[in-house]
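Whenever a hint applies, use it, and build me the whole structure from the sequences.
Under the working numbering, read the sequence shown as residues 30 to 292, first letter to last.
If you are wondering where the hints come from, they were derived from the structure by calculation, not from laboratory data.
Any given hint could turn out to be false.
Unchecked claim - Straight-line C-alpha distance at most 25 Å; calculated SDA-like pairs for lysine to any residue:
id, residue 1, residue 2
1, 99, 132
2, 99, 274
3, 280, 266
4, 99, 174
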Amino acid sequence: MPNRARKSDKFGSPPGLQGAGSPPQGFQLHQLKTACSTCSMQELCLPGGLESSEVLAIERLVTARRRLRKGETLYQTREAFLGLYALRFGSTKTAILASDGHEQVSGFHMVGDIVGLDGIGTGEHTCDCSALEDTEVCLLPFAKLEELARHVPSLQQHLHRVMSREIVREHGVMLLLGTMRAEERLAVFLLNLSQRYQRRGYSATEFNLRMTREEIGSFLGLKLETVSRLFSRFQDEGLIEVQQRAVRLVKLDALRCMVQRPL
Numbered sequence: 030m031p032n033r034a035r036k037s038d039k040f041g042s043p044p045g046l047q048g049a050g051s052p053p054q055g056f057q058l059h060q061l062k063t064a065c066s067t068c069s070m071q072e073l074c075l076p077g078g079l080e081s082s083e084v085l086a087i088e089r090l091v092t093a094r095r096r097l098r099k100g101e102t103l104y105q106t107r108e109a110f111l112g113l114y115a116l117r118f119g120s121t122k123t124a125i126l127a128s129d130g131h132e133q134v135s136g137f138h139m140v141g142d143i144v145g146l147d148g149i150g151t152g153e154h155t156c157d158c159s160a161l162e163d164t165e166v167c168l169l170p171f172a173k174l175e176e177l178a179r180h181v182p183s184l185q186q187h188l189h190r191v192m193s194r195e196i197v198r199e200h201g202v203m204l205l206l207g208t209m210r211a212e213e214r215l216a217v218f219l220l221n222l223s224q225r226y227q228r229r230g231y232s233a234t235e236f237n238l239r240m241t242r243e244e245i246g247s248f249l250g251l252k253l254e255t256v257s258r259l260f261s262r263f264q265d266e267g268l269i270e271v272q273q274r275a276v277r278l279v280k281l282d283a284l285r286c287m288v289q290r291p292l
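Written as structure tokens, this is what we have:
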């Protein structure tokens, strides 16, 4: 198949992608034990329908990985933007530090998510990103990723979709904080986690909360006492079952109805 052979040559070494170079501080440059083509999170990180030569070209980008301990920082505000980070396992949070030292959580990210998009526009990050548990990320150097995307239209479209989803997510947070009552905010938060876990092949009704109640409150714009009271109320009403950080959504339909009624 001559056409496929020519395409393999084309993607074998796109311009600017010949060498991996030195890894950033804190990252390890090594032969990856799990290739993109066999990674269980491939469908979340990569666009569908890629040919093997195109997947191989992306694999050549992901030569640096970093493992983070719980609480360790991946990047900080005003830190130089190196690229995007795909969560291979674990979870992270992003937060903005106010002038008074108060931390405002802006998002929670889990396996298969891509973080670091905030640094594309200015060349430096606009928030802090830290691990909620032991986490490993794959570094995708953005300049090389952009170059490859010029040769792989589906990858370029995928990057646009990732950026679009981030914009939609931010709009959703604004709606959450601006128009919803406290109980609706928590219901939306739990339903969102349910959908995300289900998409990754996990249970949609039973999962562990990797974030603290205080971090949930910061994200939802609620005080810690309010979050704790709402969890107790939801449990008393039979909507959920809670045991420390383990949560079981007992009545999904009731939670959905809670956020679908007129505000």
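Query raised in the report: Which earlier hints turn out false for this structure, listed by number in ascending order?
Result: 4
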